[in-house]
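4 protein chains.
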Amino acid sequence: MKVTPQLARMMSTNATTVGFIGLGQMGNRMATNLMNKGHKLNVYDVSSDAANAMKAKGAQVFSNTRELAKASEFVVTMLPNNDIVTQTYEDMIKDGVNKNTMFVDSSTVDPNVSKHVQKIVSAAGASFVDAPVSGGVMGAQNATLTFMVGGTTDEYNRVKGFLEGMGKRITHCGTYGMGEAAKICNNMMLAISMVGTAETMNLAVRLGLDPKVFNEIINSSTGRSWASEINNPVPGLNPTAPPSDNYNGGFSTALITKDLGLASSVATMSNSPIPLGALSHHIYRLMLSKGLGNKDFSVIYDFIKNDSSK
Amino acid sequence: MKVTPQLARMMSTNATTVGFIGLGQMGNRMATNLMNKGHKLNVYDVSSDAANAMKAKGAQVFSNTRELAKASEFVVTMLPNNDIVTQTYEDMIKDGVNKNTMFVDSSTVDPNVSKHVQKIVSAAGASFVDAPVSGGVMGAQNATLTFMVGGTTDEYNRVKGFLEGMGKRITHCGTYGMGEAAKICNNMMLAISMVGTAETMNLAVRLGLDPKVFNEIINSSTGRSWASEINNPVPGLNPTAPPSDNYNGGFSTALITKDLGLASSVATMSNSPIPLGALSHHIYRLMLSKGLGNKDFSVIYDFIKNDSSK
Amino acid sequence: MKVTPQLARMMSTNATTVGFIGLGQMGNRMATNLMNKGHKLNVYDVSSDAANAMKAKGAQVFSNTRELAKASEFVVTMLPNNDIVTQTYEDMIKDGVNKNTMFVDSSTVDPNVSKHVQKIVSAAGASFVDAPVSGGVMGAQNATLTFMVGGTTDEYNRVKGFLEGMGKRITHCGTYGMGEAAKICNNMMLAISMVGTAETMNLAVRLGLDPKVFNEIINSSTGRSWASEINNPVPGLNPTAPPSDNYNGGFSTALITKDLGLASSVATMSNSPIPLGALSHHIYRLMLSKGLGNKDFSVIYDFIKNDSSK
Amino acid sequence: MKVTPQLARMMSTNATTVGFIGLGQMGNRMATNLMNKGHKLNVYDVSSDAANAMKAKGAQVFSNTRELAKASEFVVTMLPNNDIVTQTYEDMIKDGVNKNTMFVDSSTVDPNVSKHVQKIVSAAGASFVDAPVSGGVMGAQNATLTFMVGGTTDEYNRVKGFLEGMGKRITHCGTYGMGEAAKICNNMMLAISMVGTAETMNLAVRLGLDPKVFNEIINSSTGRSWASEINNPVPGLNPTAPPSDNYNGGFSTALITKDLGLASSVATMSNSPIPLGALSHHIYRLMLSKGLGNKDFSVIYDFIKNDSSK
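Chains as they are written, first to last, in the numbering used here: chain H, 126 to 435; chain G, 126 to 435; chain L, 126 to 435; chain P, 126 to 435.
These aren't lab readings, by the way, just hints derived from the structure by calculation.
You may find that some hints are simply not true.
You can't tell identical chains apart in this list, so a pair holds if it fits in one copy or across any two.
Here are the simulated BS3-like cross-link-like pairs (lysine-lysine), alpha carbons at most 30 Å apart as the crow flies [what the hints assert, rightly or not]:
{"#": "1", "residue 1": "Lys337", "residue 2": "Lys285"}
{"#": "2", "residue 1": "Lys293", "residue 2": "Lys219"}
{"#": "3", "residue 1": "Lys337", "residue 2": "Lys293"}
{"#": "4", "residue 1": "Lys337", "residue 2": "Lys244"}
{"#": "5", "residue 1": "Lys165", "residue 2": "Lys383"}
{"#": "6", "residue 1": "Lys240", "residue 2": "Lys219"}
Okay, chain H solo, but in the shape it has when bound (with noise of 0.2 Å):
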């Protein structure tokens, strides 16, 4: 027997109905994922091909955000920046919202926009978190994101059981905000390993060191991080990893320095001296401005390196 995703609904004590706002990358992949683990799924999506795509999965599209908030028990937004994050919420909640529904904003945008929409949605009545993830497509697909959450425990433990159903590891960063703050925190820290382990196997392997005696010393020495492990960006050095795959995949050069841009106005506004975040920023811009937005973030390492015309 086929288990559909009605029939998963019913079998399931936790199964609910899930409004979806933004219906993208990441966004289509989360929602399938929460329709096969048995929820009903409103969508929305500015585009009315994305929200016919969903429709064909078994979802019920709505034209305006207010109706399909009403109508929800969960509502996540996954969408690309401050102000669409600020206006969408503004918009769907002016005409009041159902107290019980729990608004999950897992967009990466300022923590303030987030302190700002918990306050209107507090002030509305209903309750909201800040769950901004990590793990890019493969982890959306492949429902093993991590979400880091900012709201109380009470919130935290509330919307932790229906999270899974897209992630693997449901993480309490503090009050809200506090989950984008993390991630905006840990993916300036990633962008200036990246850029330092690009710089650092070049001089390496300029100097004469073989990059793979090279690496294999570093990794198990005090220069390790994620970047030299994991995706390092010598092509060969991980071969399941973008490097070894002329840089596709991965996390694209443009999400980062989307971040760097954010963790510079966060930054800016808390008075913290980020001279290493904000030099990876600008690197990373200049990447952009090259052409080299949709490669993997480790594509520094083919940057700086010498042509081989040198």
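Please arrange chains G, L and P on chain H, whose structure you already have, making use of the hints.
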């Protein structure tokens, strides 16, 4: 029965005569370990106090390096900089060498210095490898240093067992100079990781994250590195590490700055862009100028965080 | 015969009624100059003390900006940041505006704020230009400010004579927001020049050059800039500049840091790499965190030079 | 009557015999100017083609520098790097020198090289000054170079008139090595100004400013520098400068990168933090690795601006 050095020497089939030049913080501990392993020690230092301290432990003091070298099967040099290493070797071999002597330079210097010294030692008829160390004063004390060896496979095999008297990991990095190259590259990456971790932790704290919670997140995510896991610069996160002891002990700002100076120099000579390495270099140089040279290099966190008065 | 403001106003064919919002260090001096030129002043400030100080000079105090605007031919705003400018304009015009009123924002804010404010003022039927200033408190005091105006040519011509009551150079930079863009870009370059000059002078001195001799060389060569010629950060080289008065007065570290924050923000939004600008930003942010916010921004020289104790 | 070099020499009371070592792009033009001023030229170059080209103009070619030096009243060296300068002088004087000979090194090298060479020349009984130049190939061609002289006041006075045969500004910078120090520091600041101007102009353009309008603003304000006024990196703003000729001619990226390498080296040795200098260094090094070494260093603008395809 107490195992005296003399007894250990008699008991060991590998015990030999070792010349040791440079008996500073590192050198005197390394030489002591060699004696404890049963080797006969011939020592030289520009400071007669340093030499006499080893004499009290049973070493024979020489007043010049030429005679010391001729009387030793292995010669280890542990000296402060490029010029002193070059001059010491040029002087030591100018009257000729014992062809069976293996010279080992454990100083941290430019790989080109190692290549030059190898050439002149080789021309004189003896053998040379570079074998800089990591692990610091504690590693020297406890014979747990890592040695990064540059030389042929035969030479590596010849020194491996001997170096195990002073360390626990003996790595073959490649040909002459590659031990130095590996150390300099690893330490440049280490500095980048530490500065990056410090600014990331500071940003996280200023955004409202609990440092302990955020550290757990980063350490199980893509932002992790040796600096975040083992020597996190926020006091209290690694209770036995220098940041939890007011940045005392550990790896000094002065020493990482020296290594970053070498990295800058070899990057210039090899035409390798090291933007984050160079910036980390000058951040540490600024800290040196502020009197922080003797503190553990994780003191960067304290340096960049806001004063309580702000 | 003493020329009182009233008399000056009667004597002047161009005297008019001016609303002034924001009477801080800059604003109160600018408003005073306008009164001295014969204009009738309507004033508003969140601080009643600031407003009353202008009342004592002959200005009329308003308790809200809506009535002030309706009673004024020109309205000048001189406010601290993006949010306050936006909120002030949104509030000021919400009951409608006098169509003949020309609004002039002299605050330093994001050009996108200017564009937004221009749109809402224009939609309400009145006119708006952005016109941030350079020249500091002394320029405000002496009516020698430079105004950088963003608006149409007609609008520029309409405000030019009026602004000459507060400054001596009135520049037309382009359309709405371009006054702000010009100011932010100029000040980013200024910060880069100042940090660069400070590290260059420090290096020169440490290499053994006499700072006076080297300054003459650089100023007649390719290394010259406003920072080296007019406000050289080495004390004594420009005897009447802030570096020669213990870095008091001048353009504060806090203000250049604010401008660099705006530069970072607009660079992010426009995808423009600013590696040196971003690094200068975070060097100044570090200096802020060290309590140097009130010193002239040339204090960077003092910050990076070696302590005498080293 | 045509004034041949021979005739000019006879006519000049100051005409003398000059040895010239290093007849590259700069050296051959400088030597030619000296001949045109009436001096008798003795020349040496590792390239016999370069030497023979000068022979065709009337110079006497020497096959080694020792004899050349003994036959010359002044000896000028114009060589590519530290090692070649050191080796050339060590070799040239090892058989003794004519005590009246004044050696002038116009190469761009580390001030410590100058100090070392001065010591060995002085020990041999002759005199030495360092006198690096700015002004490039055009300055060499037209005898309009600037010379930065390191030596005693007497030595400066002795070489001043002679150097005026190749340049128009002869500056006394201080003692031995200070000519080099001044040049390196000036050029570091120049690089910072150029990178800063490039990123500022690019940001301005992307924010919507007209580059011509913004350039006028910055040049009459605090953001001005030699780079913005004389060699603005935006094509068209200085019609006769390299940026307006596809970045051809001018001061090459390869040469500024070499100078920045020297700045990094002396900053390390003197413990001087140069954050912007070091970052500019590695930005130029990145550009070298991208094949831009032969372009004018203002090509940084082209390098960082967005591709039209974005």
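- Query: Are there hints from earlier that the structure breaks, and if so, what are their numbers?
  - Reply: Failing hints, ascending: 2 and 5.
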